[in-house]
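Quick note: my numbering has the sequence shown finishing at residue 688, numbered continuously throughout.
Quick caveat, the hints were computed from the structure, so don't treat them as lab data.
No experiment lies behind these values; they were computed from the predicted model shown.
Worth double-checking, as some hints may not be accurate.
As a list, the in silico DSS-like pairs of lysine-lysine whose alpha-carbon atoms are at most 25 Å apart [claimed, not checked]:
id : residue 1 : residue 2
1  : K403      : K445
2  : K620      : K682
3  : K377      : K403
4  : K683      : K620
5  : K688      : K675
6  : K616      : K682
7  : K620      : K499
8  : K683      : K616
9  : K616      : K684
10 : K445      : K499
11 : K675      : K499
12 : K682      : K499
13 : K683      : K554
14 : K616      : K554
15 : K377      : K554
16 : K675      : K620
17 : K684      : K620
Simulated DEER-style distance windows between Cβ atoms [stated by the list, open to error]:
id : residue 1 : residue 2 : range
18 : D596      : A656      : 25 to 31 Å
19 : K688      : G635      : 47 to 53 Å
20 : T441      : R471      : 17 to 23 Å
21 : R415      : I540      : 47 to 53 Å
22 : R486      : E406      : 21 to 27 Å
23 : I503      : M660      : 34 to 40 Å
24 : E467      : K688      : 17 to 23 Å
25 : V678      : P637      : 36 to 42 Å
C-beta: ideal position from N, C-alpha, C; glycine also.
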Amino acid sequence: KTGTLTQGKPEVTDVLPYGNAATEDVLIFAASAEKGSEHPLGEAIVRRAMSDGLELYETEQFMAVPGKGVQATIQGKEALIGNRALMDMENVSTAAIEEGVRRLEEEGKTAMILALNREAMGVIGVADVLKPSSIDAVRELREMGMDIIMLTGDNQRTARVIANQAGIANYIAEVLPENKAREVAKLQKEGHIVAMVGDGINDAPALAQADVGIAIGSGTDVAMETGDIVLIRSDLTDVVAAIQLSRKTMSKIRQNLFWALGYNTAGIPIAAGVLYPTFGLLLNPIVAAGAMAFSSVSVVSNAALLKRYVPEIKKKEANK
369 KTGTLTQGKP EVTDVLPYGN AATEDVLIFA ASAEKGSEHP LGEAIVRRAM SDGLELYETE
429 QFMAVPGKGV QATIQGKEAL IGNRALMDME NVSTAAIEEG VRRLEEEGKT AMILALNREA
489 MGVIGVADVL KPSSIDAVRE LREMGMDIIM LTGDNQRTAR VIANQAGIAN YIAEVLPENK
549 AREVAKLQKE GHIVAMVGDG INDAPALAQA DVGIAIGSGT DVAMETGDIV LIRSDLTDVV
609 AAIQLSRKTM SKIRQNLFWA LGYNTAGIPI AAGVLYPTFG LLLNPIVAAG AMAFSSVSVV
669 SNAALLKRYV PEIKKKEANK
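Please model the complete structure; the sequences and the hints are all you need to start from.
And the structure:
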């Protein structure tokens with residue numbers, strides 16, 4: 369979802385302190401823990417703290433927990449910043465902040481919970497808006513007969529909101545990075561041909577597992593190296609264009625095979641003299657060689673027409 373359907377540049381929208389904590393304290397500890405992270409959500413928190421002019425603490429220890437959040441030691445305190453799964457793993461009670469978490473999730477935001485020494489300190493809401501082209505791309509894919517499933521590590525509420533905004537009926541939420549490839553494999557076992565679109569390092573195993581891996585241009589080097597197709601732009605309509613181009617290419621291949629087979633089926637017997645006993649017609653070897661060359665030229669010329677092909681989705685964009 370992040371960076372594929374959405375802009376991939378999330379922003380902090382809410383900071384909800386709990387107990388005696390101040391808003392600045394929540395941001396400082398969260399950003400101090402996240403400054404060693406490369407995750408877009410963590411980077412958003414750091415950007416917000418820096419834009420507010422807050423001075424961050426030194427981090428003594430840092431560990432990223434894939435699909436859950438990060439752990440760090442700050443000012444001698446154990447800091448946890450992440451989702452419910454991380455809090456559950458570390459036995460942190462979130463009952464006191466549950467109302468705030470639920471409100472953020474129902475607004476389609478990602479709720480990042482901050483805990484110090486296993487005590488909930490606050491919640492940070494992070495939002496990542498859909499790309500303007502995502503809704504059009506999803507609609508086009510549906511009209512082409514594709515079944516679309518959104519995979520995300522977000523919670524059920526946030527996933528439902530984003531899926532509804534994008535027009536996607538099926539989604540799988542709270543998917544850990546290592547489980548994305550399993551979800552792809554599950555679909556393949558059910559007999560589906562699966563194309564996976566992704567941009568992050570967490571998407572690389574799923575891109576490799578899929579029948580066709582499509583890496584978004586703004587993605588990580590690992591994702592782009594793993595993908596079978598790499599899109600230059602971070603625009604989901606290019607996925608539609610790639611599929612339309614591949615279908616047109618297959619159509620050209622079938623045309624060329626049909627005409628080449630028909631041409632040679634008729635031409636080879638004539639060149640061999642099948643008409644000579646009845647009509648006295650015998651091809652000159654030079655003429656036969658020229659006819660054979662013409663067969664290749666016609667096939668290549670038909671294929672070369674693809675250079676002038678403009679996918680339907682691009683025509684629609686040009687007419688808007």
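Taking the hints in turn, this is what the structure says about them:
1. K403 / K445: holds (16 Å)
2. K620 / K682: holds (20 Å)
3. K377 / K403: holds (16 Å)
4. K683 / K620: Distance of about 20 Å is within 25 Å: holds.
5. K688 / K675: Given pair K688, K675 holds - Cα atoms ~23 Å apart, limit 25 Å.
6. K616 / K682: Given that 25 Å is the threshold and the Cα spacing comes to 14 Å, the pair holds.
7. K620 / K499: violated (33 Å)
8. K683 / K616: holds (15 Å)
9. K616 / K684: With Cα atoms ~17 Å apart, K616 and K684 stay inside 25 Å; holds.
10. K445 / K499: Given that 25 Å is the threshold and the Cα spacing comes to 39 Å, the pair is violated.
11. K675 / K499: Violated, at roughly 29 Å.
12. K682 / K499: holds (17 Å)
13. K683 / K554: violated (36 Å)
14. K616 / K554: Violated - the C-alpha atoms of K554 and K616 are around 29 Å apart, more than 25 Å.
15. K377 / K554: violated (30 Å)
16. K675 / K620: OK: K675 and K620 at ~12 Å, within 25 Å.
17. K684 / K620: Holds, at about 23 Å.
18. D596 / A656: 25 to 31 Å: violated (42 Å)
19. K688 / G635: 47 to 53 Å: Holds, since K688 and G635 (Cβ atoms, about 48 Å apart) stay within the stated range.
20. T441 / R471: 17 to 23 Å: Hint violated: Cβ distance 31 Å, outside 17 to 23 Å.
21. R415 / I540: 47 to 53 Å: violated (29 Å)
22. R486 / E406: 21 to 27 Å: Roughly 25 Å apart at Cβ, these two residues keep to the hinted range, so it holds.
23. I503 / M660: 34 to 40 Å: This hint is violated: roughly 52 Å between Cβ atoms.
24. E467 / K688: 17 to 23 Å: violated (43 Å)
25. V678 / P637: 36 to 42 Å: holds (41 Å)
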